[in-house]
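Asker: Take these sequences, add in the hints, and give me the full structure.
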Amino acid sequence: MNAASMKLLIVEDDVDFAAALSRAMKKRGFEVALAHDAAEAQAAAETFAPSHAVVDLKLPGESGLKVVAMLAARNPTPAIVVLTGYASIATAVEAVRLGARHYLAKPADADEVLAALLRDQPDSALEVSPNRCRWRGWNGTHPEVLNEHDGNISATRAR
Numbered sequence: 504m505n506a507a508s509m510k511l512l513i514v515e516d517d518v519d520f521a522a523a524l525s526r527a528m529k530k531r532g533f534e535v536a537l538a539h540d541a542a543e544a545q546a547a548a549e550t551f552a553p554s555h556a557v558v559d560l561k562l563p564g565e566s567g568l569k570v571v572a573m574l575a576a577r578n579p580t581p582a583i584v585v586l587t588g589y590a591s592i593a594t595a596v597e598a599v600r601l602g603a604r605h606y607l608a609k610p611a612d613a614d615e616v617l618a619a620l621l622r623d624q625p626d627s628a629l630e631v632s633p634n635r636c637r638w639r640g641w642n643g644t645h646p647e648v649l650n651e652h653d654g655n656i657s658a659t660r661a662r
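If you use the working numbering, the sequence shown corresponds to residues 504 to 662, in order.
Some clues are possibly wrong.
Below, a list of computed lysine-lysine pairs in the PhoX-like style, where the Cα atoms sit at most 20 Å apart [claimed, not checked]:
(1) K530 to K561
(2) K561 to K609
(3) K530 to K510
If you are wondering where the hints come from, they were derived from the structure by calculation, not from laboratory data.
Answerer: The following block contains the structure:
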């Protein structure tokens, strides 16, 4: 992919973090658009047509997962990375199921974000299938069971 076609949509409610990430990604060759909530992300996706997106999970109003699903439904689908300070196995599984390629926990620097955006294949540390999940070496609990227990791994052990 050439630099002229690298269009990054950053969906992040932390204005300062979004601005810093925007500056860093522009230095790395991206044209960047910012959105701070799901409605702004929808509007930006329509007018900007991103090839890549970084989506914060926790947004005001709608969840970042809704933004992931909306972006994943676009044609062509942008490479989507979920970036969040509220990492859990359940949300990682759901983000990938909805269309994200990668899921990074904050704090992540611009080089980590860039690597995740440009990786052709999903991160091998986060593999999702209908029957199981594996995240950073842990496996065995069905995503449905995690969702039933609001992502609480300890609660799934009793089942």
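Asker: Could you run down the list of hints and mark each one as holding or not?
Answerer: Now for the hints, and whether the structure bears them out:
no., hint, in the structure
1, K530 to K561, "26 Å, violated"
2, K561 to K609, "12 Å, holds"
3, K530 to K510, "13 Å, holds"
Going through the hint list in order, the structure does not satisfy hint 1, though it satisfies all others.
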